[in-house]
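The lines below spell out each chain.
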Amino acid sequence: MTLSLPPQTSHPSNLQPEGWLRYLSFSLDHKVIGLQYLVTAFFFYLVGGALAGMIRVELLSPISDFMPRETYNEVLTLHGTVMIFLWIVPVVNGGFGNYLIPFYVGARDMAFPRLNAVAFWLIPPAGFLLIASYFIAGAAQSGWTAYPPLSLTTPAAGQVVWILSVLLLGGSSIFGGINFIATVLKMRRPGLGMMQLPMYCWAMLGTSILVVLATPVLAGTLVLLSFDIIAHTGFFNPALGGNAVVYQHLFWFYSHPAVYIMVLPAFGLVSEILPVHARKPLFGYTTMVYSILGIVFLGLIVWAHHMFTSATPPWMRLFFTIATAFIAVPTGIKFFNWLATLWGGKIALNSAMLFSCAFIVHFVFGGITGVALAQVPFDIHVHDTYFVVGHFHYIVYGGTVFVVFGSIYHWFPKFTGRMLNEPLGRLHFLLTFIGFNLCFAPQHWLGLNGMPRRVAEYDPQFTLLNQLSSVGALLMAISTLPFLVNVVWSALAGQVAGDNPWNALTPEWLTSSPPPVENWKGPAPLVTHPYGYGVPEGQIDLKAVSGLEIWSEGR
Amino acid sequence: MPIPSAIVTLVLGMILVLSGLWVGQNVNLLPAAASTNAPLYDELFAVLFTIGTILFLGIVGLLIFSLVRFRRRDGDLGDGVAVEGNLQLEIFWTAIPAIVVLFVGIYSYDIYDRMGGMIPLADPHAMHGSMGSAVMPASVEELVTQDVEPRLWGGIGSPGGTEAGLLPVEVTALQFAFLFHYPEGDFTSGELHVKAGQTVELRMEARDVIHAFWVPQFRLKQDVIPGQPTVLTFTPTLPGQYPIICAELCGPYHGGMRSTVVVHEPEAFDSWLASNRPATLALTAPLATG
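Just so you know, the protein sequences line up as chains A and B, in that order.
Counting from 1, position 337 in the first sequence corresponds to residue 337 in our numbering; the numbering is continuous, with no gaps.
Counting from 1, position 88 in the second sequence corresponds to residue 88 in our numbering; the numbering is continuous, with no gaps.
Since the hints were made in silico from the structure, they are not lab data.
Hints are supplied without guarantee of correctness; some may be wrong.
Sample of chain B residues facing chain A (criterion: CB under 8 angstroms; computed from the structure) [unchecked claim]:
hint: 1; residue: 76
hint: 2; residue: 85
hint: 3; residue: 90
hint: 4; residue: 98
hint: 5; residue: 252
The beta carbon of each residue, even a glycine, is placed where N, CA and C say it ideally should be.
Just chain A, with the same shape it has in the complex:
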């Protein structure tokens, strides 16, 4: 608030490339960095999706016949790591965060543009390191959780490269988190209050607090794990007097908040999309803000619900059950608020809206199974089974990834100045929606009835449902084709969007599409009512109603 001057953005020297080459450069422009994140993360999404496809092919038959068992474990480890650390976390935080947050706070760039570029440029080497490990020494085989002692006994080279890669990605995440906190708190345009910010700012603030508090714990843990592997120390090695459960505590102290790092930004993005396309203000702004803060707080104290079968003491199981189940309360507030936002609106059923609504359906389903999983006696049966696999894919794919697609349909006109093709978008939605549910809904039943996760072979009675699930995965793979075609074709020859095709009020739409380097030609607009849509209650919109309605209203 003490900052009254726009930040002195360093004028790009002549060495900085112009045009499309910017996107391959160490650019300091938050919009370029945001798109760099988006495209890079999407590349890794395709890689992670191919790995998922390999898993689903292996599971077509109940015996291990498609690839060697070691390879299968490498593939599932890479799939989890790539999807979490290289796709979802970068795309919802780095991608949309970098693009949107400076607009939303009325700034011309992030607080630390160089740190921002460094954070992005850590990702490609880390990602290629991770994938290269498969070709050079064999990738890690101990799952994305890397529980010791398994991670100490599987081939060391792959595990060490995995640790190195995750450390780089964690570093990138921390840099980004610090940058977002500083930008939201300190770079706001004079006159813009915290409670006037678009909801995505609050979501990113909450997320970044989690990133900064939790990620260093993961980093420290992985450094200790690497000592155990390389130097044969015994922090987590029971054979040397260490304790394997301590690793689990430390790991989940990051990795449970990581779930919120992946979904809170999605909550924020949905809160931006729904009001625009329903033509109504966001319902319950204040409770939305407090529920984000509530989720951040509770998210830090629920980690041991991943360890209910790890011989944790009973009091601990009880505490973590209650804490976990209570996250449903602030989360529930957000969902009811979104439904109330839609209620009485004028809802445009376009691709962005359809993906956002599917997100609500999936996340509610995943939330309900999540509350069930929080109950110790329930969890003891289904822990580490396909029920859990189904549950968290409903959260991170049905939830976050659907929001990512919805957001791309919503902001593509801003990124490129051109609209995405709507029929292709709906086709993409339909295929993804059917494929996703076909793939993951049956997995709940599989888990309840005895199929553990991370297996290459299973009881033959589960064959049919696994094949159905694989068909769903195939549909999901196919669904990316109309999307890719749409994005490439529309970017080159799509219908010209104009500056503000959705008639939105948030500041990123109050400039040209695509926006100029410093976001606005003149001074940054002061938007104190980012959701000021709608006609006052009781007032009749003359353009929208028929004479009969006016007549009956008067009676």
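Starting from the known structure of chain A, arrange chain B on it as the hints suggest.
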């Protein structure tokens, strides 16, 4: 005259609750219930399934209704109503989930207690043990080097286990098999054989990496962690053969780390035990590893 919306809402709510109750009672997603734990679990499952169905159908119904009812008509460029919030409504839908969650939490605690999950907490000796081993390095070393009473990491207990006489079985989990040693007969088997109605006490140890002992029909799972001898008690009820599955990624053959638990009728179990006394050990061992 149109039906007042309050009545429509009431009727819809009742239909919703009834259909949730029906689904919870009549849709069975679970495998056979074969231990004293399992009916308790199924009871909890039915309650959660009912509540979940009501919430899910209600929310999805509301969403689809909104999308259809409030969709934008062609040519309509107007806005919706500018409702920014409604504090009472928001308090209401904060309170409802809070109450539901609280109820579910207390109820599942009760179920967990009846499963015997809270027994170590009630046992002062066990409490003392857990306090003592807060000093980790010392106690682990003790555990490794000498035979002072090791700390046992409790899994789920089973109520009423002491009266009927426990069947102790020593379980060793290693890559990629479970070995079951019967102290009573002093022999080792690759399958777990137990007697219906008799409480079994599994004393579990892992040799190499973390494994997990899971029998879906018993609704029971317990990680077996190297360096942490763990006790799991349960009472099988329904004779039959059920899979034992390793549920924690333990290496390349994790998916193949399976075995069978055979729940015998009491007489059949006694004869099985008798036939497996050490003299016949050589016969059972190769079968076991297969």
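Status of the hints after comparison with the structure:
Because the smallest distance between the Cβ of residue 76 of chain B and any Cβ of chain A comes to about 5 angstroms, under 8 angstroms, the interface hint for this residue holds. Interface hint status for residue 85 of chain B: upheld, as the beta-carbon distance to the closest one in chain A is roughly 4 angstroms, under 8 angstroms. A hinted interface residue such as residue 90 of chain B counts as satisfied when its beta carbon comes closer than 8 angstroms to some beta carbon of chain A; here the least separation is about 5 angstroms, so the hint holds. For residue 98 of chain B, the shortest C-beta to C-beta distance to chain A is roughly 5 angstroms, which falls under 8 angstroms, so the interface hint holds.
The closest approach between the C-beta of residue 252 of chain B and any C-beta of chain A is roughly 4 angstroms, which is under the 8 angstroms cut-off, so the hint is satisfied.
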